[in-house]
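Student: In case you want the letters, here they are:
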Amino acid sequence: MRDAPVLLEMRAITKEFPGVKALSDVNLVVRQGEIHAIAGENGAGKSTLMKVLSGVHPYGSYTGQILYEGTESRFADIRASEHAGIVIIHQELALVPGLSITENIFLGNEPRRGGVIDWKTANRRALELMALVGLEEDPDTLIKDIGVGKQQLVEIAKAFAKNVKLLILDEPTAALNETDSRHLLDLLRDFRQRGITSIIISHKLNEIAEIADAITILRDGHTIETLDVKADGVDEDRIVRGMVGRELHSRFPDHTPDIGEVFFEVRDWTVRHPVASDRLVAKNASFTVRRGEIVGFAGLMGAGRTELAMSVFGRSYGVYVSGQIIKDGREIVIKSVSDAIEHGLAYVSEDRKSIGLNLLDDIKTSVVAAKLSKITKRGVIDHVREHQAAESYRSSLRVKAPTVDEPVTTLSGGNQQKVVLAKWMFTDPDLLILDEPTRGIDVGAKYEIYGIIQRLADQGKGVIVISSELPELIGLCDRIYTVFEGTITGDIPRRDADPELLLKQMTSVKKAQRS
Amino acid sequence: MSRVKELQKSLFGGNTSNARQFGMIFTLVAIVLLFEILTGGLTLNPGNLISLVSQYSYILLLAIGMLMVIVAGHIDLSVGSVAAFVGIVVAQVMQDYAVPWFLAVLIGLAVGAVIGAWQGFWVAYVGVPAFIVTLAGMMLFRGGNQFIGNANTIPVPEGFRVIGSGFLPEVGPDTGYNNLTLLLGLVVCVAVVVREWRGRRTRREMGADAAPMWISVIRVAVPLAVIVFATLQFAGGRVGTSFPVSGIILGVLVVIYSFITRNTAGGRHIYAVGGNARAAELSGVKLKRVNFMVMMNMSVLAALAGMIFVARSAASGPQDGIGWELDAIAAVFIGGAAVSGGLGTISGSIVGGLVMAVLNNGLQLLGVGSDRVQIIKGLVLLLAVAFDVYNKKQGRFSVIDSLMRPFRRDTPTGPASSSEAGQERGKSPVAG
Amino acid sequence: MRKSVVRGVAAAAIALLTLTACSQRSEDTATAGGSAESGAGFPADSLIGVALPAKTSENWVLAGDLFTDGLKEAGFQSDVQYAGSSTTVADQQSQIQAMVTKGAKVIVIGATDAAQLSTQVEAAKDAGAVVIAYDRLIKNTQGVDYYVAYDNFKVGELQGQALLDGMKAKKPEGPYTIELFSGSPDDNNSAVFFDGAMSVLKPAIDSGDVVVGSGQTEIKQTATDGWKAENAQRRMDSLLTSTYSSKTLDGVLSPNDTLARAIITSIKGAGKPIPVVTGQDSEVESVKSIMAGEQYSTINKDTRNLVKQTIQMVKDLQAGKQPQINDTKSYDNGVKVVPAYLLPPQIVTKDNAAEAYANDPTLAPLTK
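Residue numbers (full-length UniProt numbering), protein chains in the order written: chain A, 1 to 515; chain B, 1 to 432; chain C, 1 to 368.
If we strip away everything but chain A, and leave its shape as in the complex, we get:
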């Protein structure tokens, strides 16, 4: 593969934003027909590099050269790069939820006859493209009615509608479950067979190691190295070493759990879907948490883990039907989020940007947001205490920010997640529910978050971790529940947990509880 002709060469790319050099002297060589991965921690410059390539940052706003198909390209905008066959698929999908699959595939690129959209051709071509990406759906289905995995495929079909030669995927599997991720990776291999070149940006190093032909590693806006996967025998550890510039001994901090008695129990929890009232999102779910215990919730996307957690957390999802919550031996009734906080529950949501944080806030305002009563006297905020509280979390959680007055938008994903954790630690919870606590966070920050979770458990708190990454659950949790269609299908202690068993329980209704 390494001897294939060069399709794209980016030479000495330097891009500056006011006050910061995002890329300095970056080089990238992508050969015809390969899958080229770009790896690097958050803020390393991966996305900026792709924005330069796709014309989001137009020619003139950077220095350096882009040689594409042998000639120098100067893209003025995205249309120009798309015209040349370079299509980028962003992490946040650019689909219109209220339009159909066909309409989305041809959005802005509609086949026309005499200025009028030619729906016959559009539908025919849509079916062809859907077959190409392995999407089996009625092309008239609305985007909002299909899952994230299928939406991703629609994005790719959309790219093909534009005669793509170089496909760029930014974190394509971040939001996908195992099965959908698998399917997507297979699809990329399939494209390679057809001679389509792809660039993939991903935090999931196992995927990169598995699928990529070449990996370019960026760190702090510099090219560190380009690895030839087959020739160099690259594995995950090798990539990590390049990304962080040092060896990472273990992906999880050492930890000896100190587990106490059961203090929190949910019994026969049943919840209806908020809109479709005949659908149950949780069915007779029962689980327990002990003091000092880290409990994992494993399940496929849509299995109802988040729904279950949020409904327990002050009925903030769905319609409560039945079930009991017992804490410290007494039944408690939680009807609202403020009740939940009052009873020592905390829920760190899976989507920190859309529901976890107010992105207009600064760090200190975010940290105290869930328990203002701790810093108010008769309703009046004590700014000194607010500052001190935020400051203590900034230092204990090692949030990388000069002051707590910094807006949260300036922080990297990992540091934002630390702020969200601080916000909930500030409420002095007995039970923390962490929903996908490390999604979209780079390796170094993940390690730190794991450490924080373990410390919380050591303080005698109960911690529930919901995650789609099985290795994470196995590495971190003392016990793992498997969830399938709103029902708990398994309760597996750490020593028995392995991906195969978990997957089996996650996909079957058969009760395997052993309590």
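Derived from the structure by calculation, the hints contain no laboratory data. The model shown is predicted, which means the values in this text are computed figures rather than measured ones. Misleading hints may appear alongside valid ones.
Mimicking DSS-like on lysine-lysine, the simulated pairs with C-alpha atoms at most 25 Å apart in a straight line are [claimed, not checked]:
id	chain 1	residue 1	chain 2	residue 2
1	A	LYS353	B	LYS288
2	C	LYS350	C	LYS329
3	B	LYS286	A	LYS377
4	B	LYS288	A	LYS327
Go by the hints and put chains B and C onto chain A.
Tutor: Just chains B and C now, kept in the frame of chain A:
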């Protein structure tokens, strides 16, 4: 650039909406000086300042409530109609039942509260968008005004007129000035000094380096100079006139609401709801209650504004309140609030409102017709917001600014940041 | 730190006190300029303010232009302002206030809402300006000095008479079916027009010779908010639907031309024959309409004469003379009887249009 920013930060405080305010204050000063020159000194003459305050206090009053509505992510189109409705109700009860004026004011506020509860109910508990609820309210209460008043103009008694056209009385020895206005000015001066002093103390308690002394001096001296000048102008008007009662009502409310929005849990909840409603809800904020209170508060303030206007006009008429909502909304946006909610300050809105007021007044003093005044005001609104959008794109003075700029490692402003950084390196397990 | 607080407060106090010493606060600026009653007059190049309502009718625009030119010709500085189209009352209030600030000696006010200007008028009075109410009487204030207008009761009488004459000319025998329209309820003149017209129509209605088809004879029922054409048109539309699907409408009493045309538009839209419609103001479009045989009559209240008369009063005041008035008892504004000068109006139909507008450069060509 960064030097300017640092200075700005120390003079006006750090965050971005303050930075926007910084720009607006300069705009205001520039406009005042411009008209002062163009009108040959009429703009800052006592008579004009006094009439400026009494003419615009009710609009600024609305801007306070509107700021909170907009920060919470809503809009209120009904304020003008609500004001007119309350105005006619109050005028009518005083005329028909000889209700004493202070009782009439209470009735007016109560009517405002009931209207606010009605609108708040639909917005918060039924979930109808505020735009629709208040559009309906705009028609509903305009019609109500005409229904009750038969589209007549109803005069109000002398006592009631105090809240709209009254002045501080002349008491004490003849100093050549209105003594109570002088006293008021002195109180405000003391407040400014005390506030700065307490601010320094707070910063020290936070462990932050208090700004250098000279910055505090500037922060006190400039406002003091302005206040002393204003006090003398207001106190030095024609005998019988002084700082208007409506201006005092406005001032008191500005202070109270600034405190509420900045320093109370309730105020912070408004920003939280406007910034990210779902996140606020998941942090235990009672979303419905916040929305209800914000809408209700707006109508109460609209009621007050309506009464002040009626008092000033000496009568309640069918044309009262037309277009007020737009003036209030414009003031809020010129003052730096975000269209999508979550951002904005009371003081910013007041400055925004004053920009519009001074502009209007100055152009009228120059004899510019109301048609051209409207054109100019429209352009100013557009340019003020466009300027901010442009700045955001340029990465200056704005939220986006901070998005584009990873935190600066060399920033010296962080309290105790150097010692922390040392610790950080020492402890970090990944740093090995 | 405490020290600096004390120092700051002290500095402020001292500043206040020192400046207090050089106050130049005036008891009443009027003493400097001279008031209306003193007969002292004022400099010939003084500022004269003219505050007019929004530009909703041609007449106000014309009046504004005439004031600007006439005052300039007489050697005065003028400041002629119209209220904005939406925020009329508040606009006019602040415009008057601005004129006071600028030291206007005489302020001529065509009020938007005659009852909501007392604060400003009194402020003008206190500042020593003379206030002349132009066309609309300002209510509930001692501050208004003079009133200049056409005799509006007479206008109403002429309109009522013209309506009867017009209908008789078309159809010699009654009974006649008519509809009544009146002006904006916040305009003092609306009731005067209406009462004048009714003084003529009432006997005919009582005798059964004239029938108001809809039965709406109260001024509240017939009012047109804000003198807005759209409101009149809307009311006519509904009247046509409710009352005249089968009946014939013989005449409509309209208080002015703008409304008259709106009424005619409505009737034409319904495909009905145009009845006798009265009007007022001699607006260009209406004169055309009269010549085309659609609108029946208008009133010629030549704005030129009214403005000329007003400027004459300003000149008299400047010279320290008592301005000419011809009515000292009819116009009670609620707290005082305002001395007035009333000009006689003239009814214009197709028959006398050429003669009536002979001196009007805009209207004269239309009548040929």
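Student: Now, for every hint given, state plainly whether the structure supports it.
Tutor: Status of each hint after checking the structure:
1. A:LYS353 <-> B:LYS288: holds, 22 Å
2. C:LYS350 <-> C:LYS329: violated, 36 Å
3. B:LYS286 <-> A:LYS377: Roughly 19 Å separates the two Cα atoms, so the pair holds.
4. B:LYS288 <-> A:LYS327: violated, 28 Å
Hints 2, 4 from the earlier list are contradicted by this structure; the remaining hints agree with it.
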